[in-house]
Every structure is written in structure tokens, then in C-alpha cells.
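Chains as they are written, first to last, in this note's numbering: chain A, 469 to 685; chain B, 469 to 685.
Incorrect hints may appear among the rest.
Calculated Cβ distances over 10 Å to all of chain B for the following chain A residues [unchecked claim]:
no. : residue
1   : E499
2   : P507
3   : Y513
4   : G588
5   : N593
6   : E597
7   : R643
8   : A647
9   : L649
10  : A674
11  : G677
As a list, the in silico SDA-like pairs of lysine to any residue whose alpha-carbon atoms are at most 25 Å apart [unchecked claim]:
no. : chain 1 : residue 1 : chain 2 : residue 2
12  : A       : K518      : B       : H529
13  : B       : K502      : A       : A494
14  : A       : K518      : B       : Y659
15  : A       : K484      : A       : R577
16  : A       : K484      : B       : H529
17  : B       : K518      : A       : Y512
18  : A       : K518      : B       : L495
19  : B       : K518      : A       : R577
20  : A       : K484      : B       : R490
21  : B       : K518      : A       : E611
22  : A       : K518      : B       : S493
23  : A       : K502      : A       : Y512
24  : B       : K502      : B       : G543
In case anyone wonders, no lab produced these hints; they're calculated from the structure.
Ideal placement from N, C-alpha and C gives every residue a C-beta, glycine not left out.
Here is what each chain is made of, one letter per residue.
Protein chains: 2
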Amino acid sequence: MGRTSDARERILTAAKTLLLSRGYSALGVAEICKAAGVPKGSFYYFFASKEELALAVIDEHWTEQRAAWTRALAGAGGADEGGVMDGDGGVRPLRGLRRLYESTAAELREGQRNCGTVTGCLLGNLALEMSTGTAAVRERLREIFDEQVVLVEETVAEARGRGEVTVADAHEAARALVAQLEGQVLFAKLYDDVGRLDVLWPNSLALLGTRTSAGSE
Amino acid sequence: MGRTSDARERILTAAKTLLLSRGYSALGVAEICKAAGVPKGSFYYFFASKEELALAVIDEHWTEQRAAWTRALAGAGGADEGGVMDGDGGVRPLRGLRRLYESTAAELREGQRNCGTVTGCLLGNLALEMSTGTAAVRERLREIFDEQVVLVEETVAEARGRGEVTVADAHEAARALVAQLEGQVLFAKLYDDVGRLDVLWPNSLALLGTRTSAGSE
């Protein structure tokens, strides 16, 4: 059974790359199987349909991404977080937000090196392509973005509790930050320029109403 | 030739609706012709390819949208702008920005009534679907979003000239506002909820660093 589970992983990996570069609608099961190097029968052994495969890719992607978000926001790294500048004067919860943006940019840069262009956000791409399409995928994407908002909201609420930001509604603020992230990733993709994400941090300080001078760092 | 030019318009109208609801990749010329009620030969009389049609739809859409953006931002309506609240204390250039958000929400609501769901932003949808695809469409979309940023930048620069906002870089600020708009429209589409746009105005005040209390209106 070792070979069989390897085939499932290969299908998921190939499908994720193809979904990122070409989207869902344009993609056929035959093409996925060819890229994965598995026979079509093998595909239908694991997945009832292309939709079921897409849901599996989304879930696997979010499992990894959630771990990365949690790591960045919680700041498990403590004081030694490498390239992260310390210019924000010890505002610890907000530093998590900054780490999140930096890890997002790093991930996009890695994708750019591998694929030749910025492929953007798998979930955002699918959200725009499919939200008027299949209900199951739309529902799953809604749940995931809700989770993203909750993760960011915890950081914002913590910063507010410490009096470091003045924003009134942590939930709305978290939604704004996630929407800003998606919007800038869209433009990073369109202009093939990860540098578009550089403004996320100063803009977030402005959006949150930091006590220090916002947007000037 | 009256019938012929009518056919071109019908193709463009049908294509725009289908592009909004189903995207580019999933769409075939036959389907567009069927929806437009024109024979396939008629299609190829006007358009060399689906790509050329997409470019024509994009151009027609942006011509209309640019007029709406210019109208909203310039505030040709003067003092009598109907539903626009006056709570921002006579900050005239910024009121243009607010009108822009309100007209965007109104347009999405109209689309929701007609299509049953929020279909989002045609340009943003295509940007995510196609920016790793055809170069011609990607180039055109880049030009259009650049124009959007310039339009918003003029408003921001004017507000800054009057000392009404404190943001340092009007160009970066305009990019942030357009990215925020695209991000929130993405979520309006995904959650089928135009109300997602309500935060654009207070968030913009925070991003721009207004002299009045930001984010609380």
C-alpha cells in the first residue's frame, strides 16, 4: 500500500501546482494525472471528482498555512527571529503580525523562484474563481477565511488589551487586515512583484491606530 | 449594417455576464454565442478569438467604470449628493472617496439583484484567473489598475494639500486604498454580502491618517 498512498500525495502536489498556475475551471483530471504520473483509475480510487480533489488540496494547504500563521502570530521564536527588525519598540503581539507578512512574502518569493511568476494565494484565487460556482468549495473557503480572521483577531485583541493599538473593534480590524492582505497579494500576482507586500506593515499600523507614529517605519 | 453592430453589442453584453459569473477559462465561444443569440460566424466576424473578446469586454467595462470613478471622486453632484452623509465635516476631496465606495456597493447590490449572488469585480476576478495566463490581458489589467491608483491618488493628494490627511506618500496610500477595495470586494463575493464594503470608509480614514477621529464614524 506504500505505492498507493504515494500516488495520492503525488496527485495532491500536482493538483496544487496546477490550481495555482491555471485555476480550477481550466483544469482536467487527465492533465492532473499526467502531471502526477499516475493512471486515471488511480485518481478515481482516491477522489470521486475534481471537486473532491480541490477540497482535499484546500484542506491540506490550509492545514500547513494555519500552522505557519499560528507560528508567526504566536511568535514561538521568541527574541531570535532572524530577519525581523526590532524597530517597533517591543510591541510584541504586533510583531507577530509583521512576521506573518514577512512569511507570506517569503512564501510568494519561493513560489516565484519555482514557477517563474508570483502565483498568489491559492485560497483567494479559488475564492474569486469559484464563489459563484460549487457550494462545497465556497463553504470551505468561507470557513477558512473566518479562521484566518479569528487568528488575526486574537493578536489585535491582545495588542489592544496592552493599550498598544486604539482600534475599537478587533474583529472588524482583523477582517480589514485579512482583506488588505488578499488585495495586496492579488496585485503582487498581477504585477508579478512581491514587493507589493512591503506596505502591509505600515498600513496595518495605520489601520490599527498604533500609539507610535503609524506608517512611517 | 444595423443588425451587425447590434450583434457585436449582444456578444459583449452576454460575454460580460458570463465572465462575471463563470470566469474566463470555463467559457467557450459556443456558449457565448448561444447566450447572445448570434451564430458562431457572426462572432468571428467581430472577434478573432476569445482573448480578443475578453479585451473588448475589459475595455468597455473600464470605460464605464472610469466615468463612474471620475464622477464620484470629482463630486460633480456638488452639495446634493443624496444618500451621502455629511458627518465628515466638509472634507470635500475625501467625500469623493466615500461616494466611490457607495457607488461600488450600489453596483454590487444591483448585480446581486440581477444574478442572485454578488459577482464581485470583473477586473479583479480576471486578474486572479488570468495573470499567469495570457500576456495581453494581464498587461491591460495592469494598465487599468494603474489608472485606478492615479485617480484615487489625485483625491488623496488634494486632501493632503488641504492638510486633511497626514499620510506621507499619496501614491502608496492610493495603492493601499485600491488593494483594500479589491480585497473587500473579494470577500463580498465569497460571502455574498455587500455589507462587507461598509468598513471601507472608516478604514480609509485610518489608512490616510485623518485629523478627525479615524474609524469611529
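**Q.** Pair hint K518/B and E611/A, alpha-carbon separation not exceeding 25 Å
**A.** violated (35 Å)
Q: Starting from K502/B, check that the Cα of G543/B is at most 25 Å away, please.
A: violated (41 Å)
Q) Does the structure keep K518/A and S493/B at a Cα separation of 25 Å or less? A) holds (16 Å)
Q | Consistency of the no-contact label for G677/A, given chain B and a CB cut of 10 Å | A | violated (6 Å)
**Q.** Interface exclusion of E597/A relative to chain B, criterion Cβ beyond 10 Å
**A.** Non-interface label on E597/A violated, nearest chain B Cβ at 5 Å vs cutoff 10 Å.
Q: For the pair supplied as a hint, K484/A and R577/A, confirm whether the alpha-carbon distance does not exceed 25 Å.
A: holds (17 Å)
Q | 25 Å limit on alpha-carbon distance, applied to hinted pair K518/A and H529/B | A | With a Cα-Cα distance of about 32 Å, the restraint between K518/A and H529/B is violated, given a limit of 25 Å.
Q. Are K502/A and Y512/A close enough, with their CA atoms no more than 25 Å apart?
A. holds (14 Å)
Q. Does L495/B lie within 25 Å of K518/A when you go C-alpha to C-alpha?
A. Answer holds: K518/A to L495/B is near 18 Å, not above 25 Å.
Q | 10 Å Cβ clearance of A674/A from chain B | A | Incorrect as stated: the minimum Cβ-Cβ distance to chain B is 5 Å, not above 10 Å.
(Q) With the threshold set at 25 Å, check whether the alpha-carbon distance from K518/B to Y512/A stays at or below it. (A) violated (32 Å)
Q) Is the Cβ of A647/A more than 10 Å away from each Cβ in chain B? A) violated (3 Å)
Going through the hint list in order, the structure does not satisfy hints 4, 5, 6, 7, 8, 9, 10, 11, 12, 16, 17, 19, 21 and 24.
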